[in-house]
Amino acid sequence: MKPFATVLEVGTSLNNHTGSWRTERPSYAHRLPPCNNACPAGENIQEWLSLAEQEKYEEAWREIVKNNPFPAIMGRVCYHPCENACNRVTIESPVGINSVERFLGDKAIRDKWAFDRPAAKSGKKVLVIGAGPAGLSAAYHLARLGHKVTVKESLKKAGGMLRYGIPQYRLPRKILDAEIKRIVDYGVELEVNKKVTNLAEVVESKAFDAVFLSVGAHIAKLTEFPTSPRSRVLDAVAVLRDMENREKPKLGKRVVVYGGGNTAMDVARTAKRLGAKEVTIVYRRTREKMPAHSFEIDEALQEGIKIKFLVTIKKYQNKKLTLGKMALDAKGYPQPTGKNETMETDCIVLALGQDSDLALLEKFPGLEIADGALKVDSRMMTSHAGVFAGGDMIPFERTATTGVGHGKKAARSIDAWLRKVEQPATEKHPLATAERLNKWYYAEVSENKRKLIDIAHRTKTFDEVQLGLSEAEALNESRRCLSCGNCFECDNCYGVCPDNAIRKLGAGKGFKIDYDYCKGCGLCAAECPCGCIEMTPEDI
Amino acid sequence: MKNTQANPKGIYTISNRLGDQANRAVQASEDRPNSLTSGHRACQGCGEALGARIVVDAALRAAKGQIIVVNATGCLEVFSTPYPETAWQTAWVHSLFGNAPAVATGVAAAMEVKGRGNVRVLAQGGDGSTTDIGFGCLSGMFERNDDVLYVCYDNQAYMNTGVQRSSATPPTARTATTPPVGSEPGNVFGTGKNVPLIAMAHQIPYVATATVADVQDLEAKVFKAMSMRGARYLHVLVPCPLGWGSPPRETINLARLAVQCGLFPLFEAENGTVTRATKIRQPVPVENYLKPQRRFAHLFKGGKPVDDRLARMQEMADANISRFNLLGHEETCK
Ligand SMILES: Cc1ncc(C[n+]2csc(CCOP(=O)(O)OP(=O)(O)O)c2C)c(N)n1
Ligand code: SF4
Ligand SMILES: [Mg+2]
Numbered sequence: 001m002k003p004f005a006t007v008l009e010v011g012t013s014l015n016n017h018t019g020s021w022r023t024e025r026p027s028y029a030h031r032l033p034p035c036n037n038a039c040p041a042g043e044n045i046q047e048w049l050s051l052a053e054q055e056k057y058e059e060a061w062r063e064i065v066k067n068n069p070f071p072a073i074m075g076r077v078c079y080h081p082c083e084n085a086c087n088r089v090t091i092e093s094p095v096g097i098n099s100v101e102r103f104l105g106d107k108a109i110r111d112k113w114a115f116d117r118p119a120a121k122s123g124k125k126v127l128v129i130g131a132g133p134a135g136l137s138a139a140y141h142l143a144r145l146g147h148k149v150t151v152k153e154s155l156k157k158a159g160g161m162l163r164y165g166i167p168q169y170r171l172p173r174k175i176l177d178a179e180i181k182r183i184v185d186y187g188v189e190l191e192v193n194k195k196v197t198n199l200a201e202v203v204e205s206k207a208f209d210a211v212f213l214s215v216g217a218h219i220a221k222l223t224e225f226p227t228s229p230r231s232r233v234l235d236a237v238a239v240l241r242d243m244e245n246r247e248k249p250k251l252g253k254r255v256v257v258y259g260g261g262n263t264a265m266d267v268a269r270t271a272k273r274l275g276a277k278e279v280t281i282v283y284r285r286t287r288e289k290m291p292a293h294s295f296e297i298d299e300a301l302q303e304g305i306k307i308k309f310l311v312t313i314k315k316y317q318n319k320k321l322t323l324g325k326m327a328l329d330a331k332g333y334p335q336p337t338g339k340n341e342t343m344e345t346d347c348i349v350l351a352l353g354q355d356s357d358l359a360l361l362e363k364f365p366g367l368e369i370a371d372g373a374l375k376v377d378s379r380m381m382t383s384h385a386g387v388f389a390g391g392d393m394i395p396f397e398r399t400a401t402t403g404v405g406h407g408k409k410a411a412r413s414i415d416a417w418l419r420k421v422e423q424p425a426t427e428k429h430p431l432a433t434a435e436r437l438n439k440w441y442y443a444e445v446s447e448n449k450r451k452l453i454d455i456a457h458r459t460k461t462f463d464e465v466q467l468g469l470s471e472a473e474a475l476n477e478s479r480r481c482l483s484c485g486n487c488f489e490c491d492n493c494y495g496v497c498p499d500n501a502i503r504k505l506g507a508g509k510g511f512k513i514d515y516d517y518c519k520g521c522g523l524c525a526a527e528c529p530c531g532c533i534e535m536t537p538e539d540i
Numbered sequence: 001m002k003n004t005q006a007n008p009k010g011i012y013t014i015s016n017r018l019g020d021q022a023n024r025a026v027q028a029s030e031d032r033p034n035s036l037t038s039g040h041r042a043c044q045g046c047g048e049a050l051g052a053r054i055v056v057d058a059a060l061r062a063a064k065g066q067i068i069v070v071n072a073t074g075c076l077e078v079f080s081t082p083y084p085e086t087a088w089q090t091a092w093v094h095s096l097f098g099n100a101p102a103v104a105t106g107v108a109a110a111m112e113v114k115g116r117g118n119v120r121v122l123a124q125g126g127d128g129s130t131t132d133i134g135f136g137c138l139s140g141m142f143e144r145n146d147d148v149l150y151v152c153y154d155n156q157a158y159m160n161t162g163v164q165r166s167s168a169t170p171p172t173a174r175t176a177t178t179p180p181v182g183s184e185p186g187n188v189f190g191t192g193k194n195v196p197l198i199a200m201a202h203q204i205p206y207v208a209t210a211t212v213a214d215v216q217d218l219e220a221k222v223f224k225a226m227s228m229r230g231a232r233y234l235h236v237l238v239p240c241p242l243g244w245g246s247p248p249r250e251t252i253n254l255a256r257l258a259v260q261c262g263l264f265p266l267f268e269a270e271n272g273t274v275t276r277a278t279k280i281r282q283p284v285p286v287e288n289y290l291k292p293q294r295r296f297a298h299l300f301k302g303g304k305p306v307d308d309r310l311a312r313m314q315e316m317a318d319a320n321i322s323r324f325n326l327l328g329h330e331e332t333c334k
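Top to bottom, those sequences are chains A and B.
Every letter in the first sequence is one number past the one before it in the numbering used here, and letter 137, counting from 1, is 137.
Every letter in the second sequence is one number past the one before it in the numbering used here, and letter 117, counting from 1, is 117.
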């Protein structure tokens with residue numbers, strides 16, 4: 001008999017299924033990027049950056065407007081929590097998401113891109129009360145879902161605080177108008193100068209199948225201190241609103257602004273542009289405690305605005321302002337010291353926060369209101385079925401982007417409610433944390449920052465302060481995205497598998513693991529730059 | 001030919017969808033040869049199996065598929081060809097542990113005689129077969145400038161027979177024959193040989209070092225070698241999870257750290273002169289490279305170095321860094 005080995009058929013090693021050695025199994029995961037997780041409007045930022053980096057700008061814009069109809073506006077006024085969450089900070093600095101969003105938004109206006117066709121008509125009518133970011137977002141999303149939408153706005157024009165709160169140098173009105181017009185062109189009926197004074201009437205009329213309330217918060221909070229008849233005390237909400245009139249407010253040469261939020265910065269910088277020589281912000285705590293965003297404080301200071309910290313207003317009589325000096329106590333709270341200082345000013349503008357005008361709800365019993373804000377459930381529905389609410393009038397963070405998010409969420413809930421269907425529970429993937437990145441693979445690339453126009457120009461005109469990125473800059477900026485937690489086809493896993501157990505499916509199709517041969521060494525997971533490969537123990 | 005591609009995304013991954021697709025790495029292409037295919041019996045995370053596929057795939061591309069591989073005895077040979085199976089998808093011969101360079105010389109001569117100079121010969125073996133037992137044959141192949149690309153897969157010991165010390169084993173490393181006992185635990189300082197430098201001393205056309213941690217660099221060096229005739233030598237560092245005592249998933253990271261700490265300099269030399277050395281991109285102390293490996297565990301106690309041997313390893317790395325000018329920015333040095 002022949003020796004054993006020589007009687008075997010010669011063959012390939014493919015007969016040897018080494019996958020049986022495996023104790024851990026790799027698989028491709030989809031993790032939630034931190035930017036997406038942080039976006040109040042729920043944008044899929046990573047996805048649109050990925051389209052942008054391939055120069056598919058229109059597709060990128062279409063991806064944004066699935067969630068947010070205002071890329072050009074938000075690319076200017078959003079405080080970009082996405083960038084604060086961006087993992088790229090662990091390499092050098094976050095991706096300039098907001099500036100790429102603005103680039104796409106501006107390009108969409110220039111190139112006249114229109115929204116995708118809406119869903120088939122539902123035959124349902126929805127009323128939106130208030131045409132701010134929340135109301136317009138709800139209107140857009142409802143229209144997209146096939147409903148007939150009417151928006152009633154009490155002021156002369158739509159936009160809410162985007163128009164009557166945010167100065168033109170931060171948001172040029174032609175940008176605002178263009179993105180609102182696109183929503184009107186989408187079939188949303190907009191009625192301005194139509195204040196709804198009694199919600200009960202509207203609901204009883206049965207003219208609408210559902211209502212979305214988004215009246216915002218336009219009433220300035222005030223404070224009391226002794227004044228003389230000639231003392232001019234104004235409020236920031238009125239000043240910023242009046243800026244939209246042909247006749248601009250007259251503030252005088254010396255202006256004091258009382259408050260430390262973004263509105264205080266906005267009104268101070270507006271006063272400067274209106275010709276005030278001396279603009280002073282008076283704030284009772286320290287810079288660290290200021291609610292205004294740091295970059296807005298910096299920009300105000302660059303423009304020559306002075307800030308007095310740790311002072312309160314005592315009295316304002318005959319142009320003489322008496323300030324009470326404060327000092328921090330052991331716990332860091334400001335306490336009066338009993339010492340005063342005085343200064344001369346032509347007017348004081350109060351920027352102490354805003355309340356909602358809820359008069360329209362007075363004759364509509366049963367709605368839950370706490371601390372001047374209307375309560376809603378997780379679907380954004382008030383305690384009255386079919387009446388939903390969002391934006392600054394519900395207790396939540398008051399930013400335009402939050403409003404856009406509320407509008408979207410409410411629209412989807414209204415849609416489900418009108419169609420009498422359950423809203424599908426959205427599965428939330430685990431977070432793509434920075435620890436999962438293999439940073440070796442990412443080179444340091446500095447951020448493409450937007451430039452500011454020069455100071456002299458800034459303090460004299462209402463021209464936009466921040467310039468946009470060029471196409472080349474926006475492209476490079478989008479390419480800084482690390483693609484946290486989701487495959488971007490870098491071929492690392494495919495290239496490093498010692499067992500040739502990864503199948504490449506072709507451009508855009510990703511990879512597949514051949515578990516017949518994968519020994520579970522974990523090299524693919526270790527060398528994946530973006531951390532999208534998960535190792536899980538096998539049942540053995 | 002260097003397998004470069006424009007890198008608009010600023011990443012060092014094997015490929016990049018934004019880059020030049022025609023010039024992407026062989027390992028990134030769907031139709032790569034997979035010369036060493038699935039089902040081989042190398043350990044999980046074997047650096048040698050990975051290195052061999054990258055090298056032979058690139059050589060096959062460069063020679064338009066006309067390659068004969070001559071393999072010395074060792075893990076690569078054993079795990080790829082347990083009779084009657086083979087994982088090789090190319091012409092491949094095995095003879096003995098110590099004679100691969102001589103066999104390769106013979107194959108090249110035969111091709112020449114048959115007028116088939118387009119068939120290229122690639123010889124390969126482990127560090128044991130290259131730096132020790134096959135060294136005489138190798139030196140002869142260099143000296144005669146035979147038309148062979150010889151690739152050494154250096155895992156720094158005789159792995160296939162149970163991790164015995166070779167002349168490529170670094171000082172202090174624990175192997176079966178250099179146990180961590182006695183006055184100088186592990187492999188002793190002041191021994192071993194540097195075969196890339198010895199190869200250069202033969203004035204052969206091309207000598208290069210590489211690792212499995214940089215696929216593009218390794219491929220580029222294979223392409224460069226294949227663009228030349230005569231004796232060429234490529235020395236590839238291939239971590240071995242079994243012999244080094246490291247988790248399989250760490251194979252590439254360790255190869256990367258070996259380079260970044262300076263212990264394994266990456267360079268190319270032509271006709272005896274260094275033409276290029278790769279700068280260290282993220283310098284690290286040798287400790288970062290040594291600590292994750294159990295073969296160096298005896299250097300540390302409670303996370304701290306036990307004696308001056310760690311410092312002596314660092315001196316070796318520093319000597320490489322100054323000899324090859326590995327710090328700084330520019331890509332080439334002369
Ligand atoms: C003449 C001879 N001596 C000893 C052996 C046993 N042997 C087979 S493989 C091997 C070690 C190979 O070490 P290396 O060349 O470094 O390759 P590795 O297995 O580490 O990849 C030895 C000693 C042999 N096959 N032939
Ligand atoms: S012992 Fe080392 S070289 Fe040999 S197959 Fe295992 S990992 Fe590879
Ligand atoms: Mg060896």
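Because the hints were derived from the structure by calculation, they are not lab data.
Keep in mind the model is a prediction, meaning the values are calculated, not measured.
Be aware that one or more of the hints could be misleading.
Claimed, not checked - EDC-like, lysine to aspartate or glutamate: derived pairs with alpha carbons at most 16 Å apart: (1) A:Lys157 x A:Glu288; (2) A:Lys156 x A:Glu278; (3) A:Lys439 x B:Asp214; (4) A:Lys306 x A:Glu278; (5) A:Lys331 x A:Glu288; (6) A:Lys504 x B:Asp214; (7) A:Lys509 x B:Asp214; (8) A:Lys512 x B:Asp214; (9) A:Lys504 x B:Glu30.
Next pair to validate is A:Lys504 with B:Asp214; report whether the Cα-Cα distance is within 16 Å.
It is violated: about 20 Å lies between the C-alpha atoms, which goes past 16 Å.
Tell me if the straight-line CA distance from A:Lys156 to A:Glu278 falls inside 16 Å.
violated, 32 Å
Between A:Lys439 and B:Asp214, is the straight-line Cα distance small enough, at 16 Å or below?
holds, 15 Å
Starting from A:Lys512, check that the Cα of B:Asp214 is at most 16 Å away, please.
violated, 23 Å
Are the Cα positions of A:Lys157 and A:Glu288 separated by 16 Å at most?
It is violated: about 36 Å lies between the C-alpha atoms, which goes past 16 Å.
Verify the proposed pairing of A:Lys331 with A:Glu288, using a straight-line Cα cut of 16 Å.
holds, 14 Å
Starting from A:Lys509, check that the Cα of B:Asp214 is at most 16 Å away, please.
violated, 25 Å
Verify the proposed pairing of A:Lys504 with B:Glu30, using a straight-line Cα cut of 16 Å.
holds, 6 Å
Pair hint outcome, A:Lys306 versus A:Glu278 [Cα-Cα no greater than 16 Å]:
Answer holds: A:Lys306 to A:Glu278 is near 8 Å, not above 16 Å.
Of the numbered hints listed earlier, those contradicted by the structure are 1, 2, 6, 7, 8.
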